[in-house]
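Modelling step: build the complete structure from the supplied sequences, incorporating the hints.
Which chain is which? The protein sequence lines are A and B, in order.
Following our numbering, the numbering of the first sequence begins with 1 at its first residue and continues without gaps.
Following our numbering, the numbering of the second sequence begins with 1 at its first residue and continues without gaps.
Take the hints with a grain of salt, since some may be wrong.
Only some residues are given here: those of chain A computed to face chain B with a beta carbon under 8 Å [to be verified]:
{"no.": "1", "residue": "Leu67"}
{"no.": "2", "residue": "Arg69"}
{"no.": "3", "residue": "Phe103"}
{"no.": "4", "residue": "Asp176"}
Using 25 Å as the maximum straight-line C-alpha spacing, the simulated PhoX-like pairs for lysine-lysine come out as follows [stated by the list, open to error]:
{"no.": "5", "chain 1": "A", "residue 1": "Lys123", "chain 2": "B", "residue 2": "Lys60"}
{"no.": "6", "chain 1": "A", "residue 1": "Lys74", "chain 2": "A", "residue 2": "Lys127"}
{"no.": "7", "chain 1": "A", "residue 1": "Lys46", "chain 2": "B", "residue 2": "Lys87"}
{"no.": "8", "chain 1": "A", "residue 1": "Lys17", "chain 2": "A", "residue 2": "Lys122"}
{"no.": "9", "chain 1": "A", "residue 1": "Lys173", "chain 2": "A", "residue 2": "Lys115"}
{"no.": "10", "chain 1": "A", "residue 1": "Lys122", "chain 2": "A", "residue 2": "Lys74"}
{"no.": "11", "chain 1": "B", "residue 1": "Lys47", "chain 2": "A", "residue 2": "Lys173"}
{"no.": "12", "chain 1": "B", "residue 1": "Lys60", "chain 2": "A", "residue 2": "Lys115"}
{"no.": "13", "chain 1": "B", "residue 1": "Lys60", "chain 2": "B", "residue 2": "Lys47"}
{"no.": "14", "chain 1": "A", "residue 1": "Lys46", "chain 2": "B", "residue 2": "Lys88"}
{"no.": "15", "chain 1": "A", "residue 1": "Lys17", "chain 2": "A", "residue 2": "Lys46"}
{"no.": "16", "chain 1": "A", "residue 1": "Lys173", "chain 2": "B", "residue 2": "Lys60"}
{"no.": "17", "chain 1": "B", "residue 1": "Lys88", "chain 2": "A", "residue 2": "Lys17"}
{"no.": "18", "chain 1": "A", "residue 1": "Lys127", "chain 2": "B", "residue 2": "Lys60"}
{"no.": "19", "chain 1": "A", "residue 1": "Lys17", "chain 2": "B", "residue 2": "Lys87"}
{"no.": "20", "chain 1": "B", "residue 1": "Lys60", "chain 2": "A", "residue 2": "Lys122"}
Hints were generated in silico from the structure; no laboratory data involved.
Here the structure is a predicted model, which means the values were calculated and not measured.
Ideal placement from N, C-alpha and C gives every residue a C-beta, glycine not left out.
Below are the chains, spelled out letter by letter.
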Amino acid sequence: MRDERAMAIFVRAESPKIYRCIFRLVQDEDEAKSLVQETFLQALTKLDSFRGDAKLSTWVCAIAINLARASLRKKKRVETMTEADLDALQPHYAPEGQSLDTFSLWSPHRQYEQKELHRLLKKAIEKLPEDYRLAIQLRDLEELPMAEVAAILGITETNLRVRLHRARNALRKTLDGYYQQP
Amino acid sequence: MGIINNLKYWLKLDLSCADVDRFLLAYLEVEGQLEDDTRLRFERHLKICPNCVRYLNQYKETLALLQTQPPPNPPDELVEETLAFLKKAL
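Given below as structure tokens:
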């Protein structure tokens, strides 16, 4: 894509999404901006290796996610949950399949509570293990189609569904704590 | 899920709470991942199990809150700075 006009159209169209994906991971505006630039540079210089079996935007997003993950590895991060922590936040069932949990009715939240719930959720997402956090960020926050998220993360759709379900249940349980407060 | 539960499922007996959990994500997907027969059995379970209804509602509310989470706004200069960077680098 050495055609400058085509490059500008592509960058204008894709950079907001790429920025949001990166920012949600690195949580730093300058770092995210720099990684957006690096993403497009890598994409344009490696364009010959794009096989066309996914959309170009999916391929670029995968480059962005890889760069953001590499950047995160260099930094000290918030301590995240382990698989065992996640297990504890899942619903539990008897061998015959009956639920062992009693789920309570969440009262409808008021407008002013929405902000608090979003803050709580943001913190809880940050605590998720990276693979789970990415699944939530791309599917539920960025609302990308399942197939595209699976392609970006390099996993099957079945694996993606398992990750999403476990992550959503961990977040649900966190919110449940808020609703159970007196 | 044990062998008996798998057998009950394949014999098209009623779904258990654990089955509801297993099919929940597919049930909520717009793309209609769940077969009609399983969807009917899923909904039949909900009619007799208020605990699973509350679980489903909590799950849906969590999704709704995720989908209304304010997105990070890209800075105004992002596109122009990226284009200037690329022109220089390429």
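| task | Taking the numbered hints from earlier one at a time, note which ones the structure violates and give those numbers from smallest to largest. | result | 1, 2
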